[in-house]
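A.B. asks: Using the hints, position chain W against chain Y.
Those sequence lines, one after another, are chains Y and W. Numbering that gives the first Met the number 0 puts the first residue of the first sequence at 0, with every later residue one more than the last. Numbering that gives the first Met the number 0 puts the first residue of the second sequence at 0, with every later residue one more than the last.
It should be emphasised that the hints constitute simulated quantities derived from the structure, not laboratory data. Just to be clear, a hint being listed does not mean it is correct.
Which copy is meant is left open, because identical chains are indistinguishable; a pair holds if it fits in one copy or across any two.
As the list claims (entries may be wrong) - Below, simulated EDC-like cross-link-like pairs (lysine to aspartate or glutamate); rule was C-alpha separation at most 20 Å, straight line: (1) Lys123 / Glu170; (2) Lys61 / Asp86; (3) Lys61 / Asp26; (4) Lys79 / Glu89; (5) Lys61 / Asp88.
Protein chains: 2
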Amino acid sequence: MKPKLYCFGESGNAYKVALTLQLSEVDWDPVFVDFFHGESRSDAFRQLNPMGEIPVYVVGDKVLTQSGVILRHIARETGKFGGTNHDEDEEILRWILFDNHKLSGVAGTHRFNRNFLPKSRKNKDVNSFLSMRLNSALKQLERHLEQNDWIALGRPTIADFSCCGYLFYPEPFDFDCKALPNIDRWLTRIEALPHWKHPYDLMPGNPSDRSPGGQND
Amino acid sequence: MKPKLYCFGESGNAYKVALTLQLSEVDWDPVFVDFFHGESRSDAFRQLNPMGEIPVYVVGDKVLTQSGVILRHIARETGKFGGTNHDEDEEILRWILFDNHKLSGVAGTHRFNRNFLPKSRKNKDVNSFLSMRLNSALKQLERHLEQNDWIALGRPTIADFSCCGYLFYPEPFDFDCKALPNIDRWLTRIEALPHWKHPYDLMPGNPSDRSPGGQND
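In isolation and in its complexed conformation, chain Y is listed as follows (with noise of 0.2 Å):
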């Protein structure tokens, strides 16, 4: 049964779990959902995640939402990137919740203030504290990886490919690889993973799309 990820380009939380299935060499169908025109907010998309969030993971009559929950669902369904016991698998999900609450938990927030809301809307104070709470994280991840290659385990997991979610992306969200050395070269080794892809080239629309010369827009 082929699973459907139900994402668009420019969500990192929806490239955590491509990039899972790619790793994994899972054969999967993309689902796009037009976030810009507000699908994820519309009764359909509703109906299938209540909490109108993406991604959205299908398999048979499955439907699990939450990266955290869907990427360990993979693991465990192909053996790949999970823990091999009890211990293992707490090590990972402790990443992947300081992920959720502290570094994607932001990262997702102000890439989308600082790119993506009009200009009206945005707000300096707000970009000055969001990006103030992202460094403070990606501090506590620099000092880990200084020790370590890999963020849970001696070896690739789920946990790694949770807390980069956010962090292949090009647009600017003071996220600089440069002054944190251990995250970019952890970064360069998770792009040196067999199948690797970035996430525009993962899933489908990107903010091309909707330039003033693109298609959808």
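C.D. replies: For chain W alone, coordinates are given in the frame of chain Y:
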């Protein structure tokens, strides 16, 4: 072996764990962390938890951080308030992730900014932004509780104890219980569980310790 919980009264993330221990009738010891005088940023505390976050749960030689991981650990050890199969565990984790990302992840910061930051560092625009984000998550929860007495399963689970983490505190943070009747009734159901206690009755330290007439200020 009597577990220790590194905590302080104002921490909703610590309360999630303290409440789960209390409702599960586990005998445990609180270890007060003087967060408001910088103890969680000290080298000694960072040796215990490099993330510098509270709570930390110590049982035997096991040191666990991230409330979501700790809650799952306690549920598994006690056989109470967790899932009884894989699908139930997944549904519980889905809500714990929602809580970390959208609910407590915002409520904790917003409550801190509004109540515990020095006046000179308070920012109206940041407060409005966080209030808007928080109330968007609360509305999702309110809708969900329209049809459900408990969050994840037809009975109380650690998903409830995670999501309620900040919602019993008296300090104002733009959470208006009266405008959210389903959440109000759900909190009343939690309060009615045998052995329930308020955060300030369950963990050491509360704002009155630091008031002008208080001992620690």
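A.B. asks: If a hint holds in the structure, say so; if it doesn't, say that too.
C.D. replies: Going through the hints against the structure:
In this assembly of identical chains, Lys123 and Glu170 lie within 20 Å of each other by CA distance solely inside one copy; the values are 17 Å within and 27 Å between copies. Taking the shortest alpha-carbon separations for Lys61 and Asp86, only the inter-copy value of 10 Å comes in at or below 20 Å, while the best intra-copy value is 27 Å. When the C-alpha separation of Lys61 and Asp26 is checked against a cutoff of 20 Å, the pair qualifies only within one copy, where the shortest distance is 17 Å, while the shortest distance between copies is 39 Å. Taking the shortest Cα distances, Lys79 and Glu89 sit within 20 Å of each other both inside one copy (16 Å) and across copies (19 Å).
In this homomeric assembly, Lys61 and Asp88 come within 20 Å of each other (Cα to Cα) only across copies, at 15 Å, whereas the closest approach inside a single copy is 22 Å.
In this structure, none of the earlier numbered hints is contradicted; all agree with it.
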